[in-house]
Amino acid sequence: MSDSAQAQVIRPPKVDRGVIGWIKQNLFPSWFSGILTVVLGYFIITSLISIIDWGILRANFVGSTAADCSGGGACWVFIGTRMDFFIYGFYPEAEHWRINLVYLVFGLIIVPQFFKAVSSRIKMILGIFGVTIFPIFAFVMIYGSETLGLTHVATSQWGGLTLTLILAYVGIVAAIPIGILLALGRRSDMPLVRALCVVFIEFWRGVPLITILFMASVMLPLFLPDGVTFDRLLRALIGITLFQSAYMAEVIRGGLQAIPKGQYEAAEAMGLGYWRSMGLIILPQALKIVIPGIVNTLISLFKDTTLVLVVGLFDLLRTVQATIVDPAWRNVATEGYVFAAFVFWVFCYGMSRYSQMLEEKLHTGHKR
Amino acid sequence: MRLSLRNDFMADKRSVRSGTFARLKNDPTIRSRTFQILTALVVVYFFWTIFQNTVDNMERRGISTGLGFLSSQAGFGIVMSLIPYNETMTYGRTFWVGLLNTLLVSSLGIFFATLIGFIVGIGRLSKNWLLSTMSAIFVDTFRNIPLLLQIFFWYFAVLRALPGPRDSIELWDMFFLNNRGAFLPSPVPEAGMNFVWFVLLAAIVGAVVLYRWARKRQDATGQLFPAIRVGIAMVVLIPAVVFLALGSPMSWDVPELRGFNFRGGISVIPELGALLLALTIYTAAFIAEIVRSGIQAVSHGQTEAASALGLKRGTTLRLVIIPQAMRVIVPPLTSQYLNLTKNSSLAVAIGYPDLVSVFMGTTLNQTGQAVEIVAITMLVYLTISLVISFLMNIYNKAMSLKER
Chain A
1 MSDSAQAQVI RPPKVDRGVI GWIKQNLFPS WFSGILTVVL GYFIITSLIS
51 IIDWGILRAN FVGSTAADCS GGGACWVFIG TRMDFFIYGF YPEAEHWRIN
101 LVYLVFGLII VPQFFKAVSS RIKMILGIFG VTIFPIFAFV MIYGSETLGL
151 THVATSQWGG LTLTLILAYV GIVAAIPIGI LLALGRRSDM PLVRALCVVF
201 IEFWRGVPLI TILFMASVML PLFLPDGVTF DRLLRALIGI TLFQSAYMAE
251 VIRGGLQAIP KGQYEAAEAM GLGYWRSMGL IILPQALKIV IPGIVNTLIS
301 LFKDTTLVLV VGLFDLLRTV QATIVDPAWR NVATEGYVFA AFVFWVFCYG
351 MSRYSQMLEE KLHTGHKR
Chain B
1 MRLSLRNDFM ADKRSVRSGT FARLKNDPTI RSRTFQILTA LVVVYFFWTI
51 FQNTVDNMER RGISTGLGFL SSQAGFGIVM SLIPYNETMT YGRTFWVGLL
101 NTLLVSSLGI FFATLIGFIV GIGRLSKNWL LSTMSAIFVD TFRNIPLLLQ
151 IFFWYFAVLR ALPGPRDSIE LWDMFFLNNR GAFLPSPVPE AGMNFVWFVL
201 LAAIVGAVVL YRWARKRQDA TGQLFPAIRV GIAMVVLIPA VVFLALGSPM
251 SWDVPELRGF NFRGGISVIP ELGALLLALT IYTAAFIAEI VRSGIQAVSH
301 GQTEAASALG LKRGTTLRLV IIPQAMRVIV PPLTSQYLNL TKNSSLAVAI
351 GYPDLVSVFM GTTLNQTGQA VEIVAITMLV YLTISLVISF LMNIYNKAMS
401 LKER
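Protein sequence lines, in the order shown, are assigned to chains A and B. Here the working numbering is used: position 295 in the first sequence is 295, and no number is missing along the way. Here the working numbering is used: position 240 in the second sequence is 240, and no number is missing along the way.
I should point out that these hints are in silico values taken from the structure, not numbers from a laboratory. In this text the structure is predicted, and so the values were computed from the model without any measurement. Careful, some of the hints might be misleading.
[Claimed, not checked] Each computed DSBU-like pair below joins lysine-lysine, with the alpha-carbon atoms no more than 30 angstroms apart:
#1 K261(A) x K288(A)
#2 K288(A) x K123(A)
#3 K116(A) x K24(A)
#4 K24(A) x K397(B)
#5 K397(B) x K216(B)
#6 K361(A) x K127(B)
#7 K261(A) x K312(B)
#8 K361(A) x K123(A)
#9 K397(B) x K261(A)
#10 K116(A) x K361(A)
#11 K216(B) x K312(B)
#12 K24(A) x K25(B)
#13 K127(B) x K312(B)
#14 K116(A) x K261(A)
#15 K261(A) x K24(A)
Sequences and hints are given; from them, build the entire structure.
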């Protein structure tokens with residue numbers, strides 16, 4: 001072979017590079033896959049066209065009455081006019097600022113947690129504030145207090161997205177400490193304590209939440225002495241907390257089991273008692289491992305709050321259910337559900353991305 | 001020597017911490033016993049108070065106790081029942097109707113969710129970009145929307161919004177879909193059908209025997225025999241030939257529009273359809289993630305080793321990847337099955353007559369026997385949970401790594 005032939009630059013085959021190469025490798029790698037691409041592509045394009053046509057092109061966005069929905073597509077006007085009801089429920093309109101203030105403070109607690117520039121000390125102080133003073137503040141603001149001149153608003157008037165968030169927040173804040181105690185109890189050396197915790201956890205995990213809510217609403221009044229009554233919201237909260245704490249206990253137990261035995265022994269060797277060795281050595285490590293698991297529990301709790309509508313509370317889904325049957329509007333069921341689904345999806349997807357991010361960040365060990 | 005030192009040390013300690021109380025206080029055994037006795041007392045007191053309060057409250061409200069109500073007449077109709085039921089039957093019967101409906105929707109849901117979940121989970125790992133993206137979107141969408149919302153969507157926005165019986169959507173004049181439900185033709189066996197069933201059973205037994213024989217021969221001689229293909233052919237073809245030879249001893253009861261609704265055939269009420277759709281899709285999204293992570297948990301070296309041995313991609317998947325992935329997949333899959341069964345209780349929100357809706361709903365409202373009914377219902381779910389996890393544990397043990 002001559003030198004000139006060797007010097008010739010052999011260009012890469014065109015079909016393996018660039019857009020065509022990508023299409024060939026990822027959409028038509030084999031004839032079976034190619035057919036799949038064509039069939040799937042056809043369905044995706046046709047359904048996308050009809051969704052865009054319904055949801056955007058022929059939809060109506062501005063207006064205030066059903067007559068403004070003349071396009072034949074989605075009637076987003078309906079969502080806009082009912083937005084206040086979806087967010088605040090039956091909460092008196094003049095008092096909406098109180099809820100808005102709670103949202104603002106909540107935002108001030110949550111938002112800094114996502115920024116790297118904020119020091120971890122401030123984050124921790126905000127976090128502790130969020131689980132101690134903030135719930136009291138929020139309760140006083142939303143429920144009202146005569147001494148502060150805030151009119152009393154009964155819990156039956158709470159509703160919408162606000163109620164959903166209240167249920168989820170109280171559920172998680174109450175379930176974590178109970179869950180920690182149950183998890184410690186399940187790993188205790190004392191047979192009676194262990195047995196009690198196992199029975200408690202397996203009982204609540206074995207029954208559907210809906211039966212627990214039914215139980216809380218029909219049986220709790222029977223359990224209490226005569227004359228003591230519970231608010232309907234409180235009953236649902238007790239049911240949700242008991243249910244979630246059992247799941248939380250199992251998540252935390254996973255973390256406790258992952259801590260090597262040497263840590264327990266080292267804590268004992270230092271002369272620490274049970275509570276101090278748990279509180280100072282074991283739990284800080286265990287909880288760090290299970291943060292993603294706790295967030296996942298929070299996601300399922302957030303979705304489960306919709307179940308309170310069976311005991312007559314007006315959460316976000318119930319407010320949507322109640323408005324879509326309004327005869328003044330033509331069939332708006334789809335719009336209502338799409339809106340509610342979108343709200344829930346944003347919260348849950350956001351939390352699941354956050355948990356994945358934390359998992360990456362907390363993964364300080366070796367990576368494959 | 002060592003013993004005496006130890007004794008000295010103990011004596012020393014005793015003299016420092018004077019008094020029997022301090023010694024008892026620091027003895028771990030005594031501490032744990034005291035604590036457990038205290039716990040037991042608190043728990044007993046708690047349940048005793050609840051029991052007393054309940055008895056008092058029920059007496060005051062004139063609620064009778066006991067399970068006697070189960071044998072009194074129910075007096076309400078149930079829209080769907082797998083066993084014969086009418087208003088004159090007892091509350092005990094309503095329990096069984098509800099339980100069977102719960103089991104029906106759970107088992108159908110588990111079947112379809114597993115099927116779709118595996119397809120989507122494997123699809124997510126596909127080299128086809130379109131397929132893997134679509135699978136990822138499916139999972140991320142349906143996992144993050146509350147199940148109850150999905151049930152409502154399918155029920156109120158889709159199935160109840162279908163046209164009425166007169167304008168049904170139909171397929172070949174045999175299948176009908178309208179806002180009253182789906183109507184399918186039902187098979188009516190005629191004389192000779194029993195023989196076909198018998199042949200089918202024999203063919204299945206034959207296929208199993210054939211498979212065992214092929215396995216044994218492969219172990220002994222290494223020769224392959226396409227037992228699965230031949231077996232499927234046996235199970236399908238032999239009964240089909242017998243069926244045709246006997247002159248097709250089966251007719252179809254096709255649903256017909258009479259008056260305002262369809263009569264005849266099998267009808268699927270929209271409540272069941274909506275619940276099944278939502279349960280299937282929601283659970284399938286979770287199962288897909290479990291399947292994906294299970295397959296990814298099998299080390300890549302296994303795939304490389306299999307292709308180094310010259311196995312084809314399909315064979316690698318079937319003989320190398322899936323058996324190992326199943327070990328990772330089965331435990332979380334079990335808990336998804338349990339979740340689906342428990343989630344089927346959301347039926348009460350759209351009025352599908354499951355256990356919670358019929359028994360904990362209507363029966364409780366009519367009789368007022370809250371304690372008994374709630375306890376029975378919870379016991380049923382606990383039993384279902386325990387049975388499913390027991391069966392799955394057996395399977396898990398059979399599949400687990402057998403180290404030699």
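Which of the listed hints are not met by the structure?
Hints 3, 4, 7, 12, 14 and 15 not satisfied by this model.
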